[in-house]
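**Student:** Sequence:
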Amino acid sequence: MTSTSKYHLPKGTSADGPYGLLVTPESAGRGHPGLRILTLRPGEAHTLSTGDPEFLGLPSTWDSQDTDDRPPFGENE
Numbered sequence: 044m045t046s047t048s049k050y051h052l053p054k055g056t057s058a059d060g061p062y063g064l065l066v067t068p069e070s071a072g073r074g075h076p077g078l079r080i081l082t083l084r085p086g087e088a089h090t091l092s093t094g095d096p097e098f099l100g101l102p103s104t105w106d107s108q109d110t111d112d113r114p115p116f117g118e119n120e
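So the sequence shown is numbered by our numbering: it starts at 44 and just counts up by one.
Since the hints were derived computationally from the structure, they do not count as laboratory data. All residues carry an ideal CB built from backbone N, CA and C; glycine is no exception. Be aware that a few hints might be false.
Stated by the list, open to error - Ranges between beta-carbon positions, derived for each pair:
no. : residue 1 : residue 2 : range
1   : 50        : 85        : 26 to 36 Å
2   : 68        : 101       : 17 to 27 Å
3   : 95        : 60        : 28 to 38 Å
4   : 59        : 84        : 28 to 38 Å
5   : 50        : 86        : 34 to 44 Å
6   : 50        : 88        : 15 to 25 Å
7   : 55        : 83        : 11 to 21 Å
8   : 62        : 85        : 14 to 24 Å
9   : 74        : 104       : 12 to 22 Å
10  : 90        : 58        : 32 to 42 Å
11  : 51        : 85        : 15 to 25 Å
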């Protein structure tokens, strides 16, 4: 599939600013949560002002050796 459709967004077609993917409830034409994907290189940071909406941030990778002595995300202590 090469064209943008309601359920398929080819890479880069929904990028906005620092986000490789930005789908809002408005852009998706629905009243459900959106999705933002932000890729950070080691040492990079990003500040997000959420305003009224609720947000959940999930790391796609985790290396606790770079940050502290806690076990990697999902592992029992």
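**Student:** Determine for every hint whether it applies to the structure shown.
**Tutor:** Outcome of the hint check:
no. : hint                 : verdict
1   : 50 - 85: 26 to 36 Å  : holds, 34 Å
2   : 68 - 101: 17 to 27 Å : holds, 19 Å
3   : 95 - 60: 28 to 38 Å  : violated, 20 Å
4   : 59 - 84: 28 to 38 Å  : violated, 19 Å
5   : 50 - 86: 34 to 44 Å  : holds, 36 Å
6   : 50 - 88: 15 to 25 Å  : violated, 33 Å
7   : 55 - 83: 11 to 21 Å  : holds, 18 Å
8   : 62 - 85: 14 to 24 Å  : holds, 19 Å
9   : 74 - 104: 12 to 22 Å : violated, 32 Å
10  : 90 - 58: 32 to 42 Å  : violated, 19 Å
11  : 51 - 85: 15 to 25 Å  : violated, 32 Å
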